[in-house]
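Participant: Read top to bottom, the protein sequences are chains A and B.
All letters in the first sequence, in the order written, are residues 34 to 326 by the working numbering.
All letters in the second sequence, in the order written, are residues 8 to 445 by the working numbering.
Hint data in this document are derived by calculation from the structure and do not stem from the laboratory.
Check the hints yourself; a few may be wrong.
Claimed, not checked - With a straight-line cut-off of 30 Å between C-alpha atoms, the simulated DSBU-like cross-links for lysine-lysine are:
#1 B:240 - A:102
#2 B:250 - A:102
#3 B:420 - B:252
#4 B:232 - A:102
#5 B:142 - B:65
#6 B:432 - A:102
#7 B:420 - A:102
#8 A:102 - B:252
#9 B:324 - B:128
#10 B:330 - B:128
#11 B:52 - B:373
#12 B:240 - B:420
#13 B:286 - B:174
#14 B:359 - B:334
#15 B:52 - A:102
To be verified - Covered by chain A, per the in silico footprint, the following chain B stretches (three or more residues, Cβ under 8 Å):
#16 107 to 113
#17 256 to 262
Only a predicted model underlies this, so the values are computations on that prediction, with no experimental measurement involved.
Glycine included, each C-beta is placed from N, C-alpha and C at the ideal position.
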Amino acid sequence: MEKSVVFNNRLLPYLLLVPQLIITFVFFYWPASQAVWQSFLREDAFGLNSEFVGLENYQSLFADPSYYKSMLTTLVFSSLVAALSLSIALLFATQADKNLKAAGAYKTLMIWPYAVAPAVAGVLWIFMFHPTLGTLARPLRWMNLEWNPLLNGNHAMILVVMAAVWKQISYNFLFFLAGLQSIPRSVLEAGAIDGAGPMRRFWTITFPLLSPTTFFLLVVNIVYVFFDTFGIIDAVTGGGPAGATTTMVYKVFADGRLGGDLGGSAAQSVVLMVIVIALTAVQFKYVERKVQY
Amino acid sequence: MALRQFGAAAAVAATLALGASPAYAVVEIQWWHAMTGGNNDIVNKLAEEFNTSQTDYKVVPSYKGSYPDTMNAGIAAFRAGTAPHIMQVFEVGTATMMSATGAIKPVYQLMKDAGEPFDPKAYLPTITGYYSTSKGDMLSFPFNSSSMVMWINKDELKKAGVAEIPKTWPEVFDAAKKLKAAGHATCGFSNAWTSWALIEQFSAWHNVPIGTKANGLDGFDTELKFNSPLHVKHLQNLMDLQKDKTYDYSGRASASEGRFGSGECAIFLTSSGYYATAKGTAKFDFTSAPMPYYPDVAGAPQNSIIGGASLWVMGGKKPEEYKGIAKFFTFLSDTNRQAKLHQESGYLPITKAAYEKSIKDGFYEKNPTLQTPLKELTNKEPTANSRGLRFGNMVQMRDVWAEQIEAALAGQKTAQQALDEAVAKGNAMLRTFEKTAK
Numbered sequence: 034m035e036k037s038v039v040f041n042n043r044l045l046p047y048l049l050l051v052p053q054l055i056i057t058f059v060f061f062y063w064p065a066s067q068a069v070w071q072s073f074l075r076e077d078a079f080g081l082n083s084e085f086v087g088l089e090n091y092q093s094l095f096a097d098p099s100y101y102k103s104m105l106t107t108l109v110f111s112s113l114v115a116a117l118s119l120s121i122a123l124l125f126a127t128q129a130d131k132n133l134k135a136a137g138a139y140k141t142l143m144i145w146p147y148a149v150a151p152a153v154a155g156v157l158w159i160f161m162f163h164p165t166l167g168t169l170a171r172p173l174r175w176m177n178l179e180w181n182p183l184l185n186g187n188h189a190m191i192l193v194v195m196a197a198v199w200k201q202i203s204y205n206f207l208f209f210l211a212g213l214q215s216i217p218r219s220v221l222e223a224g225a226i227d228g229a230g231p232m233r234r235f236w237t238i239t240f241p242l243l244s245p246t247t248f249f250l251l252v253v254n255i256v257y258v259f260f261d262t263f264g265i266i267d268a269v270t271g272g273g274p275a276g277a278t279t280t281m282v283y284k285v286f287a288d289g290r291l292g293g294d295l296g297g298s299a300a301q302s303v304v305l306m307v308i309v310i311a312l313t314a315v316q317f318k319y320v321e322r323k324v325q326y
Numbered sequence: 008m009a010l011r012q013f014g015a016a017a018a019v020a021a022t023l024a025l026g027a028s029p030a031y032a033v034v035e036i037q038w039w040h041a042m043t044g045g046n047n048d049i050v051n052k053l054a055e056e057f058n059t060s061q062t063d064y065k066v067v068p069s070y071k072g073s074y075p076d077t078m079n080a081g082i083a084a085f086r087a088g089t090a091p092h093i094m095q096v097f098e099v100g101t102a103t104m105m106s107a108t109g110a111i112k113p114v115y116q117l118m119k120d121a122g123e124p125f126d127p128k129a130y131l132p133t134i135t136g137y138y139s140t141s142k143g144d145m146l147s148f149p150f151n152s153s154s155m156v157m158w159i160n161k162d163e164l165k166k167a168g169v170a171e172i173p174k175t176w177p178e179v180f181d182a183a184k185k186l187k188a189a190g191h192a193t194c195g196f197s198n199a200w201t202s203w204a205l206i207e208q209f210s211a212w213h214n215v216p217i218g219t220k221a222n223g224l225d226g227f228d229t230e231l232k233f234n235s236p237l238h239v240k241h242l243q244n245l246m247d248l249q250k251d252k253t254y255d256y257s258g259r260a261s262a263s264e265g266r267f268g269s270g271e272c273a274i275f276l277t278s279s280g281y282y283a284t285a286k287g288t289a290k291f292d293f294t295s296a297p298m299p300y301y302p303d304v305a306g307a308p309q310n311s312i313i314g315g316a317s318l319w320v321m322g323g324k325k326p327e328e329y330k331g332i333a334k335f336f337t338f339l340s341d342t343n344r345q346a347k348l349h350q351e352s353g354y355l356p357i358t359k360a361a362y363e364k365s366i367k368d369g370f371y372e373k374n375p376t377l378q379t380p381l382k383e384l385t386n387k388e389p390t391a392n393s394r395g396l397r398f399g400n401m402v403q404m405r406d407v408w409a410e411q412i413e414a415a416l417a418g419q420k421t422a423q424q425a426l427d428e429a430v431a432k433g434n435a436m437l438r439t440f441e442k443t444a445k
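Produce the complete structure using the sequences and hints provided.
Facilitator: Here's what the structure looks like:
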């Protein structure tokens, strides 16, 4: 019964690949190589004079203690955001997967926040939690709860984590829901007949069968927190207070765009790129083994 | 249906907009700016007035976001070869702009080439000094200038039993304690613009250097000096008061100015340009007073320095476009227009004639609030410490300084440690800048 497709034309498979290759080249290899090249230069903001300085940008980067601090901040920030956004989305998805009235409306509402731009999401959270303007900061003050993200680094971190998680939940929800709906009912029913309770069914049947989705989302979420969150951080805390929310990608943005230090900023983005490539490789090598397709 | 209606409306609007512009060739001058609210209206009105006053040139203002956003948009556009003609850049971007030889066209050159009448002495020296070379050549055209003043909620001060507006820092601390006791539990006094208030203005007002080489005005090989005992003492005082919110930190920019308007903070240091907003929002009797000083510092108060923004002309444009820009600057310098601009917006007049006209009109008798920054600026003959400042990488350096001040106020560092580190980090950034700005 096996059907094999044979391309008689030798050129055709390459031609079919060309559009994808062009996109990858234009949107990844080209800018990435530019960044690598720029990381060896020292240039003023206007690009009027540039000078080849070899590894000097990298040397000053790794001599800077605030860079290690931003690595640590990134670790805290990304683990919190990935863990929270995945687990909350999974919880919502399992609930939405039940037979509910108005499930359609519920699902639509869950997906909405994904349409909000990161910076806008940041502004929304500012309005709620700004120590003086915030609609939710006032009740906190009434309850005598200390709330001051302008000076307290932990408060600022909580704020950006909440904003980043809120933004990502819808995306994860969508994929989890699709994943859940593709799990054959018969398997779950068989489990139920064998006497497995809902929790046991979830952990022994649903969760393993969902693992391809979870794995995919883990990779996507890591990329999201590493690259896509600077809009939120810029709008909510500006990396402050005292650098408490300056993640690596925000530092790239701040040094390059606000500081005009393009060489140093390029060196940072190269380091960041290497880290994310390594992380993804590790995930594919070790985590993927546990995935059951 | 709704969409179609919208489409139709947009089409009509587009036709109207097209119909409004004259059919013959006018030279368009792109003006990128960062003015919001009432000041945005003023920018649009100025452009409109200029456009109707003559038929050869058309100034097209576009709002490009915050000051740093506008500057970055302009730099990015320059790199892509699509820079605007005029770009509004805030004062701390001055060093970056002036070191970009070739990317900009100095204003004195522009006016000379265009043959426009231009007398640099007609402008207020404390303002133009900020935007001129050490030889006195004006590089950019001052647009909106302000200084820092202390805004006072007179009603609340009276309620708290503070009879006189405090003049010195110790008096401010006392007043803030009384205010706190009288119900201002979350804020006795505060300020916006962390670095501008606590380092830059504070230093000039007390005649102590921020950095060597006249705060960088005389060369890029400058070193920071603001970890002096006086600076440490002031930060320590604020740290002590932050503990019970007699002083309460309000963030790096001006977003928290609303704390004054809402009545939460009855003493608030921020830009004199806050006037237009205060007038619109404050439902109480308010005024502005000069910044406080430490009475034990000899010679204090000295004079304040300006903030705000100037208009930079970008390089590589056509001669007829430069002619139009020069004409626009002449238009802006007109005494009546400057006086009106000053009286409406609260920003400082840039020409001496406009200041004198406002005095003669009796404007300050009715609006003493608007004279406070001018009195501060002209309080004494400026010294090397109070002429202004010009540091490279200043936009980001301000954040680095503010970070350290935040760490101190949060109790993570001592005042001395924080300022030492701010100086060390700032010096490293200055050296990087010195290498790129040859």
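Participant: Does each hint hold? Answer for all of them.
Facilitator: Hints, verified against the model:
Among the hinted pairs, residue 240 (chain B) with residue 102 (chain A) is consistent with the structure: their alpha-carbon atoms are about 29 Å apart, no more than 30 Å. With a C-alpha separation of about 26 Å, the suggested pairing of residue 250 (chain B) with residue 102 (chain A) holds against the 30 Å cut-off. Pair hint residue 420 (chain B) plus residue 252 (chain B) holds up; C-alpha atoms about 18 Å apart against a cutoff of 30 Å. Note on residue 232 (chain B) and residue 102 (chain A): the hinted pairing holds, with a Cα-Cα distance of about 26 Å set against a maximum of 30 Å.
Distance restraint check for residue 142 (chain B) and residue 65 (chain B): the Cα-Cα separation of roughly 33 Å exceeds the 30 Å cut-off, and the hinted pair is therefore not satisfied. This hinted pair checks out: residue 432 (chain B) and residue 102 (chain A) have alpha carbons roughly 15 Å apart, not beyond 30 Å. A distance of roughly 16 Å separates the Cα atoms of residue 420 (chain B) and residue 102 (chain A); the hinted pair therefore holds under the 30 Å criterion. For the hint linking residue 102 (chain A) to residue 252 (chain B), the alpha-carbon distance of about 29 Å falls within 30 Å, and the restraint holds.
With a C-alpha separation of about 27 Å, the suggested pairing of residue 324 (chain B) with residue 128 (chain B) holds against the 30 Å cut-off. With a C-alpha separation of about 22 Å, the suggested pair residue 330 (chain B) and residue 128 (chain B) falls inside the 30 Å cut-off, and the hint holds. With a CA separation close to 25 Å, the supplied pair residue 52 (chain B) and residue 373 (chain B) stays within the 30 Å bound. With a CA separation close to 14 Å, the supplied pair residue 240 (chain B) and residue 420 (chain B) stays within the 30 Å bound.
Restraint check: the Cα-Cα separation between residue 286 (chain B) and residue 174 (chain B) comes to about 23 Å, which is no more than 30 Å; the hinted pair holds. Taken as a hint, the residue 359 (chain B) and residue 334 (chain B) pair is honoured in the structure, with Cα atoms around 20 Å apart against an allowance of 30 Å. Distance restraint check for residue 52 (chain B) and residue 102 (chain A): the Cα-Cα separation of roughly 48 Å exceeds the 30 Å cut-off, and the hinted pair is therefore not satisfied. Residues of the stretch 107 to 113 of chain B with a Cβ under 8 Å from some Cβ of chain A number 4, which satisfies the need for three, so the listed coverage holds.
With a threshold of 8 Å between beta carbons, the proposed coverage of the stretch 256 to 262 of chain B by chain A holds, since 5 of its residues qualify and at least three are required.
Comparing the model with each numbered hint stated earlier shows that hints 5, 15 do not hold.
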